[in-house]
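A.B. asks: In terms of the numbering used here, the sequence shown is residues 19 to 345.
Keep in mind that the hints are not guaranteed to be accurate.
With a straight-line Cα cutoff of 30 Å, these simulated DSBU-like cross-link-like pairs (lysine-lysine) come out [what the hints assert, rightly or not]: (1) Lys149 to Lys94; (2) Lys85 to Lys208; (3) Lys208 to Lys149; (4) Lys94 to Lys208.
Calculated from the structure, these hints are not laboratory results.
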Amino acid sequence: MSGVSFKTTPDMPPLRSWLPTMLLLAAIWGCSFLFISVGVRELHPTYLALGRVLAGSAVLLVILAIKRESLPREPKIWAHTFVMGAIGSALPWTLFGYGEQRVPSLLAGIWNGITPLVVLPVAVLVFRTEKFNAQRAIGLVLGFIGMLVVLGAWQLHGGADLTGQLLCMAAACSYGVAIPYQKRFIAGSKLSGTALSASLLLCASVQLAIVAPIVTGHAPPMPWTLSLKTVASVIALGALGSGIAFVLNLRVIRLVGASVTSMVTYVMPIFAIIVGVLVLDEHLTWYQPVGALVVLFGVAVSQGVLSPGRWTRKPKVPAESAATPVQ
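Please take these sequences and the hints and turn them into a complete structure.
C.D. replies: Given below as structure tokens:
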């Protein structure tokens with residue numbers, strides 16, 4: 019998922035050449051929250067995240083081998099991907115796991131939609147990769163109001179539901195730090211997006227392999243001791259959500275640019291809600307989808323999606339290295 023608005027788009031190709039791929043990408047990432055919900059029924063969130071990064075690493079390493087590309091060799095790049103692996107993969111995926119032990123998967127999907135709202139102030143104030151203006155300020159205010167509506171702030175009484183939502187919010191905030199960090203320290207390098215994502219997933223694998231046994235106090239369960247649903251969920255999270263989806267994301271970026279590709283942000287929560295209701299029999303209260311719409315409207319305003327002439331610019335196609343962290 020792209021959380022930063024890029025102002026560059028090529029001449030727009032026919033919808034049929036990119037829209038189906040973009041919808042498939044949104045479906046894969048939107049369904050990830052269902053797989054997390056299923057996975058944490060038998061796996062500790064840290065081990066679920068570990069299985070995901072291992073599966074994702076395997077897929078991306080195969081893709082690198084097919085493309086005859088190598089992993090980065092510069093120690094500086096590995097240092098940055100180590101940070102990215104922590105704040106862009108290991109931490110948020112673990113937090114979403116903890117969160118979905120307490121709240122429905124569709125709520126986690128909704129909270130994931132706030133990522134661009136976190137990206138903007140972090141990019142402006144910390145990494146100085148974006149500029150602030152009145153329109154973006156209005157978008158942030160609208161997004162904050164939407165977040166309060168999703169929380170149901172007028173009726174909060176603490177408990178597991180509030181804790182779960184705050185954990186999911188923290189996961190989205192972690193993404194919000196990772197995206198401008200990547201843009202500031204990595205996006206300008208000659209490293210391909212595939213190699214970047216493979217290296218950060220490998221770093222996340224090492225981190226979780228060390229942390230998970232410490233947090234849980236026991237070794238990971240063997241795959242044959244888990245149900246088929248759980249094993250399939252782990253594979254789907256890694257192979258699809260962090261492997262195949264990345265390839266699809268790059269394809270859409272090459273066709274229509276990162277700016278248009280970032281619109282996947284608005285579609286992902288819809289898929290998360292649909293599969294949560296239909297597959298897991300989850301339920302929404304009226305204010306959750308209303309709040310989600312307000313959040314997404316705030317995102318659209320802050321990213322300049324609603325600005326006049328937004329779709330008429332014809333700059334260069336962004337480089338592959340500008341791709342955002344694997345979701």
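A.B. asks: Now, for every hint given, state plainly whether the structure supports it.
C.D. replies: Hint-by-hint comparison with the structure:
Simply put, Lys149 and Lys94 have alpha-carbon atoms about 27 Å apart, close enough for the 30 Å limit, and the pair holds. With a CA separation close to 16 Å, the supplied pair Lys85 and Lys208 stays within the 30 Å bound. At most 30 Å may separate the alpha-carbon atoms for a hinted pair to count; Lys208 and Lys149 meet this at roughly 25 Å. Simply put, Lys94 and Lys208 have alpha-carbon atoms about 13 Å apart, close enough for the 30 Å limit, and the pair holds.
Checked against the numbered hints listed earlier, the structure breaks none of them; every hint is satisfied.
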